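S.K.: All chains should be modelled from the sequences, with the hints used to inform the complete structure.
Chains as they are written, first to last, in numbering that gives the first Met the number 0: chain A, 0 to 406; chain B, 0 to 406; chain C, 0 to 406; chain D, 0 to 406.
Just so you know, the hints here were simulated from the structure itself, not pulled from any lab data.
Careful: at least some of the hints might be erroneous.
Heads up, the list lumps identical chains together, so a pair's fine if it works in one copy or across two of them.
Result set (BS3-like, lysine-lysine): computed pairs, CA atoms no more than 30 Å apart in a straight line [claimed, not checked]:
#1 K63 - K48
#2 K108 - K121
#3 K97 - K378
#4 K223 - K233
Quantities reported herein were computed from a predicted structural model and do not represent experimental measurements.
Protein chains: 4
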Amino acid sequence: MSGCPFLGRKRQLFTSKPSQAEEEDESQKGINKATKGGIVYGEYLQLDKVLSAQVLQSQQKGNKIHDEHLFIVTHQAYELWFKHILWELDSVRDLFIKNHVRDERNMLKVVSRIHRITMIFKLLVEQFAVLETMTALDFFDFREYLSPASGFQSLQFHLLEAKIGVADHLRVPYNRRHYRDSFHGQESETLLSSEQEATLLQLVEQWLERTPGLEKDGFNFWGKLQANIEEGLKMEKHKLEKMEDSEAKEDLLADLNKQTEVFTALFDPERHEHLLSKGERRLSYKALQGALMINFYREEPRFQVPFQLLTALMEIDMLMTKWRYNHVCTVHRMIGSKAGTGGSSGYQYLRSTVSDRCKVFGDLFNLATFLVPRAWVPKLNPNIHKFPYMAECYDSSYNSYSSEDSD
Amino acid sequence: MSGCPFLGRKRQLFTSKPSQAEEEDESQKGINKATKGGIVYGEYLQLDKVLSAQVLQSQQKGNKIHDEHLFIVTHQAYELWFKHILWELDSVRDLFIKNHVRDERNMLKVVSRIHRITMIFKLLVEQFAVLETMTALDFFDFREYLSPASGFQSLQFHLLEAKIGVADHLRVPYNRRHYRDSFHGQESETLLSSEQEATLLQLVEQWLERTPGLEKDGFNFWGKLQANIEEGLKMEKHKLEKMEDSEAKEDLLADLNKQTEVFTALFDPERHEHLLSKGERRLSYKALQGALMINFYREEPRFQVPFQLLTALMEIDMLMTKWRYNHVCTVHRMIGSKAGTGGSSGYQYLRSTVSDRCKVFGDLFNLATFLVPRAWVPKLNPNIHKFPYMAECYDSSYNSYSSEDSD
Amino acid sequence: MSGCPFLGRKRQLFTSKPSQAEEEDESQKGINKATKGGIVYGEYLQLDKVLSAQVLQSQQKGNKIHDEHLFIVTHQAYELWFKHILWELDSVRDLFIKNHVRDERNMLKVVSRIHRITMIFKLLVEQFAVLETMTALDFFDFREYLSPASGFQSLQFHLLEAKIGVADHLRVPYNRRHYRDSFHGQESETLLSSEQEATLLQLVEQWLERTPGLEKDGFNFWGKLQANIEEGLKMEKHKLEKMEDSEAKEDLLADLNKQTEVFTALFDPERHEHLLSKGERRLSYKALQGALMINFYREEPRFQVPFQLLTALMEIDMLMTKWRYNHVCTVHRMIGSKAGTGGSSGYQYLRSTVSDRCKVFGDLFNLATFLVPRAWVPKLNPNIHKFPYMAECYDSSYNSYSSEDSD
Amino acid sequence: MSGCPFLGRKRQLFTSKPSQAEEEDESQKGINKATKGGIVYGEYLQLDKVLSAQVLQSQQKGNKIHDEHLFIVTHQAYELWFKHILWELDSVRDLFIKNHVRDERNMLKVVSRIHRITMIFKLLVEQFAVLETMTALDFFDFREYLSPASGFQSLQFHLLEAKIGVADHLRVPYNRRHYRDSFHGQESETLLSSEQEATLLQLVEQWLERTPGLEKDGFNFWGKLQANIEEGLKMEKHKLEKMEDSEAKEDLLADLNKQTEVFTALFDPERHEHLLSKGERRLSYKALQGALMINFYREEPRFQVPFQLLTALMEIDMLMTKWRYNHVCTVHRMIGSKAGTGGSSGYQYLRSTVSDRCKVFGDLFNLATFLVPRAWVPKLNPNIHKFPYMAECYDSSYNSYSSEDSD
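M.R.: As structure tokens, then:
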């Protein structure tokens, strides 16, 4: 019966700081309780602004087309949610920047917020189902009035991509022009400056590089892993060679050779640099090692939440791709493929963006290529290598319950 | 790569009316094509208003709480969609009012728009999943700043309920006050005036009353159905009475008696009036007959789309109930049940609104109670009873492709 | 509290035919009512078979891996639903074959069942979210035991694709082998024989070719449309040529030329045959005309449900594509891209199947390319061209309530 | 193009143990690779059993009703997923029982599996949308053949409820009979014996009771919290009393009194016992303290994953309730409310099960009632109270990578 979830409950008693609100109450004596002091629902949400922003171009031009309202509201809802994703993204980047997530106390916050972004993206993917209740014919009726407004102009979506780490030089150009050319003035600057900041990808990379256990003079995960794998492959080969000759044996040997190639390449830093330069890898060599380590030891208390973070990052990547794909499908439905008109169509362009090149955390997906039997994973002696939480070392003067965002 | 579905495609060539836009083009010579003439994305969507409406009360009071942003954006997204639902609802009511949907050409539009409302409600139900990423603790941190803003103040949700037909006198009062008391001035008037207009329920009722085939001097569906059912029940009874005595026989007889009661009540107009007066039925007796008729003959071309409409109306009812139920769950999670504090809690109140009393089209659900074997349904001879589409009678001067909303 | 939706309600009274059940009741005297006569839940659903079919290969080989159970259940759920989709698909094809859907009374059934298929596909797309709770590491632990079982062996999915109309010769070969090579014996034959039957695409094509209004000596939709469009384009050109020279004018002229090309191609039957031969169109020329006609006149009572059918068919196409795309994403997550190992990886193969070539009803999507202003659409005079429902002509001896599936 | 997600990839090389499979390969020389050795897709999934289990009662009785197939498949899909939920549930209960989750290394597994259950329940809630494509009329046509099979007979759902901890004595009786009466023989015993085992609720309770920090002679969380809250409330009262007399003041004082009551009750062990005995609380007093502690200190590395677990448990509770609610809605749609027939209808019964009494982890929801300002939460000095992970103390002989399920 209420249009709003759980706002409500009367004035909160516990005010940690002497508040203005109390005085206001004084001045409102005798007024109906529901609006006594404080703020009312519609004002709080600034509904006067939000709900007066639906102006139909078709109506302006004297030919009101019913469905244009859906078009506007859908896009506004997308933009609202993009704004909130940016809010979460900036807060996560901040947590990484300010604390180097040295303080593991922040990890729950980081994971929860990245998870929240995935939940929003899921909703945004669902949202296409609403837009798709509009048929191509309905759209055709007002399409002309929108010209030349174009979806390529959503500043927030571009910001979002940039801040996560979609590589500028890997973007598919549209009609041979850089995507940033669509923006001007303030917008163009906002975009440019955001590209100067550390991306989520870069911050995660730096964090992965600090994974405890990578130290060559310590646990030396990478060295131990390489030794184990080489030994393992050698033994496999030995075993296979003893088999009687057969087609099966040849197949197995061929497979083994491929595997050996894969791992030889993995342990070759120059190969990694080469792939980096081509954009086929995005994480530094050391960060890649950290990510693989977190995968192998994900059940260690120290690595449980970091593992969840890696999983959530992949989820974001995947959902952005699904969002783009659903977008492509909707466009196809609305304007057709325009095959035969010549010139790159909007549809064909969008189609090309649903590619692995646009994946930011593709390296995390590709870790699956480097899995090995558990027996090959270097053993961990937690008595010796503790991978302590930094949080357990902070000094007692730390004010553990300061407002989260003031830090 | 684009933040917006399928806006785009360059200026549309086909302009049925000489447009202003052309002249504007003239004045924009030499400007970058992307913004040449017309309107740009951000302006079109009025993003300056929409994206500047997120003001955190906690931040205003010097204690920025991160999650308040989610709270605001979620509610704004709800309100945006409520606005669009009202847009569709008003257009459907208009189609009923202006045309009495005498013109069956409007039926596709009516069904499509009601269907669109269900798709939006599905999204709104999903949307709780995003809000639920906020824990009770996160909410607690800024709850005090919202006071006394309350969800009971969402004007649009109340309008929506009123326009669909949630009965004013069946609403559960909150803290013994009428829900309209939460609104003041302009809002209160808007609400009051909307309550004077014909509700969707009433318009559907009138439309159902006109179902072809109900005429007593024509096909006389109701009379024929009553006769068939009475005959059928009599034969069932006869058959049962010939069975040997057994527990099974007694059970079957008891069941038959119940069924007979159900149908005796169905064919008793006074009983219907009684249920109407108690709010247990909402449709007039004749409309109920029309609805049952459409159900039984739904495969007749004449009744296919009407049947889809009845189904879609039930869907709306069900989804509003699910929305309320999910709302209740979220509230429980956020503020607990407050059992033991005395006074009706927000949770307990909301719980009570998820009741069948709030169903508007409950009568359509209850039709399932009155189904009978197909053999009992009065036969239709389409040579005699054609139930013609009015549309096929309209005169040729009718301009069939005038703008839909100008009629 | 119940594991089953709405089974229940006691013995139904109304039995149109004297049933065996009654006699059974006699023999069950004194037995607890819940199992008296008839059939019990577990037997009805054959749960002994369904719930004993989860045998973990890892467990068989002495190394039980917990997550293999999820893998099995997920795939079994997919197969269950595939079976049901085939059930609906076959019934729809039957309705088309037996009745040529000449009897419009079947249209509601056809549309409802196609719609149901889309609802199932939506669920199947969602279902990946459950499978994705399994990480690459979890999968790696039992992957070896599955060899060489392969998803390319799902007979039902291939049947489903074949019956809808995925073109055999358009399929991407896997490792240079025809997809049918994966099946043997009975399975291979089932597949082959299904490929001999009329596909949904073909049946829809035949139905579209019969669209009333296409007759050259009748309404002659295609001829009238061509004339209107040619006239319209000529007038546009005339208008543009009178403009003062400018960049804008040149752009508009270029656009107009493209549009003219598009429509010239549309009205060229040879061009259509050429595209057909390349697999870029799938519908016959006449069927394409019918589809466009239904789009333009969708609000006519006669065309409302046909229009819904076309929309639902596009939905199926889109959802199958989304299913494939989600599949690809899951595979990427589970086994990586295997880039660098050489040889076509499963991932790369799957990636290639998410292409427009696999769309069956792509022609319906591309109709959006051929939309024109409503003023250009040939006017319909319903007094002259009635497009009557065949149903209204059927003779009175037709048994309108025979069991639907006995026909 | 494949009916199966990511099965595939050829024989895995890395076999930790000498496998039978190799020898089999030998015997299969020359056979097409796709079926060489090992197991094929259809056999692996035992599709012969799963896909032959759809027998329509209506067809058996000579009157095939198309939609009965949907009814069967939907229920079988439910049962398949119920089986998997039981699989996860049993594994989680095992992890608790065997390790007392003393070994925090299991926490990721526990949380992930509980999370997976929530993902499945989400799917099951969605699944009603498929069933709802069947109208009441479609159902009516075969309803009689199902008698007396009843959803109340889903053994697995009852097991699932029992194992999670739905209280036997809190269940709503159906037609005055205990729900267990619906089962007989083996099924009844399975159910009974499952009720002897420790429920998830009990195991979580025991785990919560061991929360580090509850020790009275240690950090003494409960004692400190009580002292802080009492002090806080006293100061609030003091502050309020200094206000000038006004309606506002009275309101605030009334609120404060209610709050004081709430907390007085919270710190009263006898009150807790009383609520326990009435079934209004389910967790022991000490477990409740542990849960509140985890909530307040959820950002401590030690408590991050435990906090996620509590959240996931609430999610399960909520989703089971939503499942029941959606079930009720579907039933209402299918069979109506049967109002007027007398006797408790299936619908009315189901309606009653969607109550808070059926919530298992209601105590966790109600924690929201006991939140206090962060300043009132006892400060934690991590130098003194380390809440160490047990895992960090295990001895080096622990085989950290033994197969997970052999422990």
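S.K.: Output the numbers, in ascending order, of every earlier hint that fails for this structure.
M.R.: Failing hints: none at all.
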